[in-house]
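*Asks:* According to our numbering, the sequence shown holds residues 112 to 227 in order.
Read the hints as simulated data drawn from the structure, not as lab findings.
These numbers come from a predicted model, not from an experiment.
The reader is advised that the hints may include incorrect statements.
[Said to hold, decoys possible] Only pairs whose alpha carbons sit at most 25 Å apart, straight line, appear in this in silico SDA-like list of lysine to any residue:
1. 224 with 173
2. 224 with 197
3. 224 with 200
4. 224 with 118
5. 224 with 113
6. 224 with 159
7. 224 with 196
8. 153 with 134
9. 224 with 193
10. 224 with 163
11. 224 with 151
12. 153 with 127
13. 154 with 186
14. 153 with 173
15. 224 with 119
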Amino acid sequence: MAYIIVFLLGLAVGSFLNVCIYRIPRHESIVFGPSHCPSCGKKLNWYDMVPVLSYMFLRGRCRFCSSRISFRYPAVEFLNGITWLILYAIFGFSLYFFAGCIAFSVALVLLFKKKG
Numbered sequence: 112m113a114y115i116i117v118f119l120l121g122l123a124v125g126s127f128l129n130v131c132i133y134r135i136p137r138h139e140s141i142v143f144g145p146s147h148c149p150s151c152g153k154k155l156n157w158y159d160m161v162p163v164l165s166y167m168f169l170r171g172r173c174r175f176c177s178s179r180i181s182f183r184y185p186a187v188e189f190l191n192g193i194t195w196l197i198l199y200a201i202f203g204f205s206l207y208f209f210a211g212c213i214a215f216s217v218a219l220v221l222l223f224k225k226k227g
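Please model the entire structure based on the sequences and the hints provided.
*Replies:* Put into structure tokens, the structure is as follows:
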């Protein structure tokens, strides 16, 4: 059960990492302001932001304007979730696990960030 929880938390944090990847280079708040489609600007519903699953159900397109959503979004979520799972399998709940999760998540943001 702990493995499932760790994986789901990794996916959820991966979703937040996507917010960071998109907003930090644009000097936007990563805390305030609702998530929105970059093409049409329409505010996304909670069910449009379920990690990995929403991308699959929406077939990689915005619900409102049908513009393509980058595959980077589910890739970041999945990479973060699976890496957290691997780290948990190796280290269990330990300082090494938490340090590894933080280090990998930061590295993921740096790897995928784009210029504004």
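*Asks:* Does each hint hold? Answer for all of them.
*Replies:* Each hint, compared with the structure:
In summary, the hint linking residue 224 to residue 173 is supported, as the alpha carbons are separated by about 21 Å, within the 25 Å threshold. For the given pair, residue 224 sits about 24 Å from residue 197 by alpha-carbon distance, which is consistent with the 25 Å threshold. Between the alpha carbons of residue 224 and residue 200 the distance comes to roughly 28 Å, so the proposed pair goes past 25 Å and is violated. A C-alpha spacing of about 23 Å is found between residue 224 and residue 118, which places the hinted pair at or below 25 Å, so the restraint holds.
Between residue 224 and residue 113, the direct Cα distance comes to roughly 30 Å. Violation of the 25 Å bound is thereby established for this hinted pair. Restraint check: the Cα-Cα separation between residue 224 and residue 159 comes to about 22 Å, which is no more than 25 Å; the hinted pair holds. Note on residue 224 and residue 196: the hinted pairing holds, with a Cα-Cα distance of about 23 Å set against a maximum of 25 Å. The hinted pair formed by residue 153 and residue 134 meets the criterion: a straight-line CA distance of about 16 Å does not exceed 25 Å.
About 20 Å separates the Cα atoms of residue 224 and residue 193, which keeps this hinted pair within 25 Å; it holds. A hinted pair counts as satisfied when its Cα atoms are at most 25 Å apart, and residue 224 with residue 163 qualifies at roughly 19 Å. The suggested pairing of residue 224 with residue 151 holds, with an alpha-carbon distance near 21 Å, which does not exceed 25 Å. For the given pair, residue 153 sits about 18 Å from residue 127 by alpha-carbon distance, which is consistent with the 25 Å threshold.
With a C-alpha separation of about 22 Å, the suggested pairing of residue 154 with residue 186 holds against the 25 Å cut-off. With a C-alpha separation of about 9 Å, the suggested pairing of residue 153 with residue 173 holds against the 25 Å cut-off. Distance restraint check for residue 224 and residue 119: the Cα-Cα separation of roughly 23 Å lies within the 25 Å cut-off, and the hinted pair is therefore satisfied.
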